[in-house]
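**Q** Chain order of the listed sequences is A and B. Residue numbers for the first sequence follow my numbering, so the first one is 74 and each next one is one higher. Residue numbers for the second sequence follow my numbering, so the first one is 18 and each next one is one higher.
Wrong hints could be hidden among the right ones.
[What the hints assert, rightly or not] Below 30 Å or equal to it, Euclidean Cα-Cα: the simulated DSSO-like pairs (lysine-lysine) are: (1) B/Lys96 - A/Lys113; (2) B/Lys61 - B/Lys96; (3) B/Lys96 - B/Lys21; (4) A/Lys176 - B/Lys112; (5) A/Lys176 - A/Lys158; (6) B/Lys102 - B/Lys21; (7) A/Lys176 - B/Lys102; (8) A/Lys176 - A/Lys136; (9) A/Lys103 - B/Lys61; (10) A/Lys176 - B/Lys103; (11) B/Lys102 - A/Lys135; (12) A/Lys113 - B/Lys112.
Hints listed in this document are in silico derivations from the structure and should not be mistaken for laboratory results.
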Amino acid sequence: MTENRVSYTLDSSLESVNMAEETSQQIAVKAGFDEDDCLKISMAVREATVNAVLHGNAYDPKKKIRVAFESTSRALVVTITDEGKGLDVNNIPDPLAPENLLKQSGRGIFLMRSFMDEVRIRLLDPGTEVTLVKNVSGSAANHKEASQ
Amino acid sequence: MSMKTSTRQVDGVTIVDLSGRITLGEGSVILRDTVRDLVTKGQKKILLNLGDVTYIDSSGIGELVSAFTTVRNQGGDLKLLNLTKKVHDLLQITKLYTVFDVKDDEATAISSFAK
């Protein structure tokens, strides 16, 4: 099985969010995902990175985020880690609930779960690790076979 | 590409033509400031033309919701025009498509505002 791994340690800034989004788009294209899936992957990575920079590290210049990509014949796995106080995984409001529908925030994790096949959230000490998994199927699988 | 806006008046309705990305940071701030400025000036019939918006993230969605509630709370109305498929799909999965009054024809949208 061919594996490609790359990781970046980035400042807690909007530039890092944009960089992670653009890099995920490039890696998803290279992995053979179709246009729709590439957009979903890059949007999910953007949402996770925004959470890491904004809610996790709170733009603290002393804290870093880490974005790691692992591409195999089976899936693209992206792991985003921050050094913040940690997400309360047991208290994530449902943005589709009527009382939350008109709230300004709270849709990031929902969008990640909508766009990816698997989203895992793990508390660190300190920080939060979010793992996003998009399985290879259809056009991406054919692309991988053709390139091997 | 960052976001750009321009406004025009048609039959008492303020049409805001947006282009680019509505995302955390500049895009969201521009949208927020534009709508607040219009409401402050008493312009409360607002049509956001999203035809050239290429990308919206969750912060951008939140800003659209905030604009909607800001205008409504001032007794006005805010509607959306010309959604791209990407934006349409985002509003569908977040269940906001039924919250916003979404139009795909400018003339119909303008006439739908209360006189």
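**Q** Does each hint hold? Answer for all of them.
**A** Verification of the supplied hints:
1. B/Lys96 - A/Lys113: OK: B/Lys96 and A/Lys113 at ~26 Å, within 30 Å.
2. B/Lys61 - B/Lys96: Between B/Lys61 and B/Lys96 the Cα gap is close to 11 Å, so the pair holds against 30 Å.
3. B/Lys96 - B/Lys21: holds (18 Å)
4. A/Lys176 - B/Lys112: holds (12 Å)
5. A/Lys176 - A/Lys158: Between A/Lys176 and A/Lys158 the Cα gap is close to 23 Å, so the pair holds against 30 Å.
6. B/Lys102 - B/Lys21: At roughly 20 Å apart (the allowed maximum being 30 Å), B/Lys21 and B/Lys102 satisfy the hint.
7. A/Lys176 - B/Lys102: It holds: about 23 Å lies between the C-alpha atoms, which stays within 30 Å.
8. A/Lys176 - A/Lys136: holds (28 Å)
9. A/Lys103 - B/Lys61: violated (47 Å)
10. A/Lys176 - B/Lys103: The given pair, whose Cα atoms are some 21 Å apart, holds under the 30 Å limit.
11. B/Lys102 - A/Lys135: Roughly 40 Å separates the two Cα atoms, so the pair is violated.
12. A/Lys113 - B/Lys112: Roughly 18 Å separates the two Cα atoms, so the pair holds.
Violated hints, in rising order: 9 and 11; the structure is consistent with all others.
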